[in-house]
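Here is what each chain is made of, one letter per residue.
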Amino acid sequence: MTETIKAESPAAGNGKFDVDGLDLWYGPAQALKGVTMRIAGNSITALIGPSGCGKSTFLRVLDRMNDLIDGIRIEGKVLYDGVDLFGQVDVIELRKKIGMVFQKPNPFPMSIYDNVAYGPRVHGLRARTPAERRRLDELVEKSLANAALLDEVKDRLHKSALGLSGGQQQRLCIARVLAVEPDVLLMDEPTSALDPISTSKIEGLLDELKKSYTIVIVTHNMQQAGRVSDSTGFFLHGELVEYAPTKEIFFNPRDERTENYISGRFG
Amino acid sequence: MPNRSVAREKTAFGIIRFLSVFTVAILALIMGFILYKGLRYSNEVRGTVLPYEEASPDGLSIVVNDREGLESLEFPVLFGMYTDEYINWSKISADEHELLPVAIDPAAPDGAKAERLLFGESGRAGAEWGSSVRFAPDAASALALVRATPGAVAIVPSAALGAAGKGVQTLPLRRMTLAVSEDVVALVDNRSVEDLSDAAIDRLLKGSIANWKELGGPDLAVSILPASPGGMTAPAAAIAQAKGGVARIYASEAQAAGLSTLTRKGVERGWNLSFRYLVEAPRLSGKVGGISTIILNTFFMLILTIAMAAPIGVAAAVYLVEYAKQGPLVRLLRLGTETLAGIPSIIFGLFGFLFFVDILGFGFGLLSGCLTLTLMILPTIVRTSEEALKAVPRSLREGSLALGATKLQTIARVAIPAAAPGILTGLILGIGRAVGETAALIFTMGSDYKLAKGLFSSARALSSHVYLLFAEGISFDRAFSTATVLILIVLAFNFGARRLVGRMGGMK
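As they're listed, the protein sequences go chains A and B.
So in my numbering, the last spot in the first sequence is 280, and the numbers never skip.
So in my numbering, the last spot in the second sequence is 514, and the numbers never skip.
Note that these hints are calculated values from the structure, not bench results.
Nothing here was measured: the structure is a model prediction, and the numbers come from that model.
Cβ coordinates follow ideal geometry from the N, Cα and C atoms, glycine included.
Among the clues, some could well be false.
Here are the simulated EDC-like cross-link-like pairs (lysine to aspartate or glutamate), alpha carbons at most 16 Å apart as the crow flies [as the list claims (entries may be wrong)]: (1) A:Lys46 / A:Glu88; (2) B:Lys172 / B:Asp72; (3) B:Lys331 / A:Asp80; (4) B:Lys331 / A:Asp83; (5) A:Lys117 / B:Glu404; (6) B:Lys413 / A:Glu88.
Using C-beta positions, here's what the derived DEER-type ranges look like [unchecked claim]: (7) B:Arg400 / A:Gln101: 25 to 35 Å; (8) A:Asp97 / B:Tyr329: 25 to 35 Å; (9) B:Ala347 / A:Asp168: 41 to 51 Å; (10) B:Lys331 / A:Gln101: 19 to 29 Å; (11) A:Asp168 / B:Ile22: 44 to 54 Å.
Here chain B stands alone, though its shape is the one from the complex:
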């Protein structure tokens, strides 16, 4: 029945092709997802201010010594800076300096404008400046202070910037909010207006939404209040009195008038992995700064591990293949190495912690970590080197021996060079396992993210960094960008090894 067998062939081919395409697709998905998340961040943000930036609100500029990657400032943050809510920058940007809020004396005209920006026209009377605010007599001295002090921020008239604005950076402000009358946010039947996406806000302000019910709120008609003439915002009093009223208003005014605001649920996107991230040292548990020291620590770790594991592993393989009498003992050794290769790394971590860190007293550090990793990757190196040596044709060994070479000469000059591509593959596999190791390292190498100073100095590797960033909830984005760097390093290793093996294969 040739037809049936042809059909069967075709079916089998289809299944095989589907499975292979499926596998490739899954791999591409994983790699692509991690690389994308590593390179770009896109986070859901909740806040009361709308994504509308003003470079010069009310003719004022917000200047900082160094904006540290910050692109704009939200009004609640600015307000918090001047009311003692923040004492340093770590919760605001990738900076850890102490915060120095500088303002011009409210008695001066420029100072009064800044006070209005922060507390609103109606709130000026009861303005409560934070105790950490430093008042400067005029814009020039405020700018000088910002220039000289890392971590300083000031509100100065934009006109004063000019030449005096050199050495400082300005930050746009986002202060527009969506205020509603009290009846809109009231809890009715256990329901209230939900957080609004940018699209929903757009529709709301365009008048496409007639009733608050559509947004999960009470059964109340939406009434959009017009902005006061010449401005973009509606008067606070009008919003408060309107039934189902909503309008744009500055956060300072809404705050002063005690208006309720709607919460915006937006998505922010941007570059996650930057050159700065690679070359800067991490600070504050990796919350700010980069990962340069961690990358270096990882390389130290790899070099030390390979320097210990490669000679031992290759020597063991040479012994097993070339010298050992193939009997029960060698079989036992083989079984042992194979079992070790399959043991979870946390077990190696436990052993390393007890043996190297505690009993031998090496402490948490590079040496303990690398010894543990060496034990962990040795089985892989031994097994692959063994296979590579076994694959060297007997005729090559005989050729060498027939020329009068000794066994050792034959091994060193013919067998090992001929097996080099395979041995190298084993080393790369070992490196791959070592660079991806976390569990065995946290308990042996420690997790200090500073540059390792010596063999006994605690050091953090990239994989541990990813784990800690994630597990301690420090930064999801940073965990992904570190993971991307890790993947790129492994990729570079594999590519380099391929080139090397290819070049050696050229001699074959």
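Chain A extracted, bound-state conformation:
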């Protein structure tokens, strides 16, 4: 496996994800071209680049959300903890381990409690006995606490989640993912639809979550990438142009295109 890891990978040893020569086509259009990168565990990796550069597509490959799209073709190798994602894996189990938070908050039209309990419930946790119910309650509270939302909603857990503000909804979506007890959090521009205060709350949350989860975050916001991430990958036209520790990318970019993008000349 080690021979698939390219020299420019910033993290040492086996990564959480090892991507090698990933190509992806939507019908005739190629969206990813030979992407090779290693994503280290318990770190925050930011993916930046202009719109349509393939960073979100790449993120969705990591928990196989692209399976839902017709006419998609994927070549190359993606290893998750050494296991081939496109081999004999149970997608349901995989998505349980790799949670995803979307660009727009997408709470289900049900109560806050039911939103968080949704994952555990579909994975077979039934609250039939009082003990089971207590376990589910604890799980919901813990997840909400970890998403820094519990204090704001604890007295209205059984009210509709759609009554929350945008920032609260997004933290609820994070809590919903945490309740499944995943290993990796994939975030697709999680703060792009939020106001600055909600954004800073979620950024603070990311720092906490880094201790126990591997986080991959797609962002349009370069300051955000600079603030929160350990390493950053720059995508352009489906190619991974540069992938390095965040400080290096921002202060000492090796590729001219990276420099142009970061200094705001396009994108």
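For this one, chain A is given, so just place chain B on it according to the hints.
Okay, now just chain B, sitting in the frame of chain A:
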């Protein structure tokens, strides 16, 4: 040219506002008209007696076992009761009992008074009592007979009522007519006196009309004859002899004297829809009684239809939206459902009759009817459910899948609940179509107005009842009051559904 564009805006706004107000006005007119006709009846009646009621004519009272909503009795009806013209109440009131006319023996003084009431003083000699009349020796035994017999009627002295009058009801009598001399009703130049409205009668008796020509009759001066002293009526002989004479007289006297009477054309108004109408079972093809069993049958029909159509329709929509590969086959299916939704219901009726009633042998009954209705409303339910499912944002489905839920879990726990308001709207539309259906039902569900006893029992729904009441000329008023009930039920359904959808929308 800003001025011209402002003017154009204003014109367009005016037209749009006019059209919308016009539409609302038409809707209000339709609803208001049907509700008004359903609640109040106002019928043109033709008859010889004037609308003058006597509670105690000649000191006598007409008592019945149960007046069944009847408010008064016209003399010709009373006369017919005692001369074998009527054998039961169905042509008289909302009763279907056999008629039992009771009279006190004419040999007794009270009996003689009753005989005079019916046949007139001059006609008593040749009185022909009907063969069905039961003679009682005195008022007390006549009252006892009426009390004990549904459908009985008796003429007894009002003084005899008192305590013995308990358990029976009295009916006022209308026996005043307008008699004229023979030359008034003679056909001259193919013209004769027209039917008179209440206003015309009023003017005639007040003397405002000088010549019969004004009422379409012959050129003859009107001569109003005075009533005999102490009474309200003029003597029959005087009317017959007067030239162009007219006067009020009791129908019994006019009949005995062979006088011609004028026809009154009046309007009668009253309450059409009563509580009794809702809770009583229909009888005699709905001519009498209420519509309780028909309302219940309609509800059975709706419950059964929705129980069959909702699961099938929603499942089909889920398949079309979530599973089916969007290709020519699905397009064909969609075209098919859309075509089915536009097919006239009578075609479904024909199909249901041949297939369910005949080939499958279910016979006329709830099951055949509801299966036919199910086929009829399925396209609506499928199409609206499809649209509702399609409108569920993709992000919700992705959110569920990303949590590791399976496709089925995502559909059952996220997509269908989120689409529930739309699906419910489709169901309500379906119910609306089913409850208003007539053509498809008459040939499949039958038209028995008794309470359905089972799935294979023929049953009549409200809409069929309206149709049959109207088409078979049973009662126009009853058709309208049934229509009103139908409209109120549909209104209640829509209102309830709105509340339900609103509550679900609260979760959104």
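TODO: Return the numbers of the hints above that this structure violates; sort them in rising order.
DONE: Going through the list in order, the structure violates hint 6 alone and respects the others.
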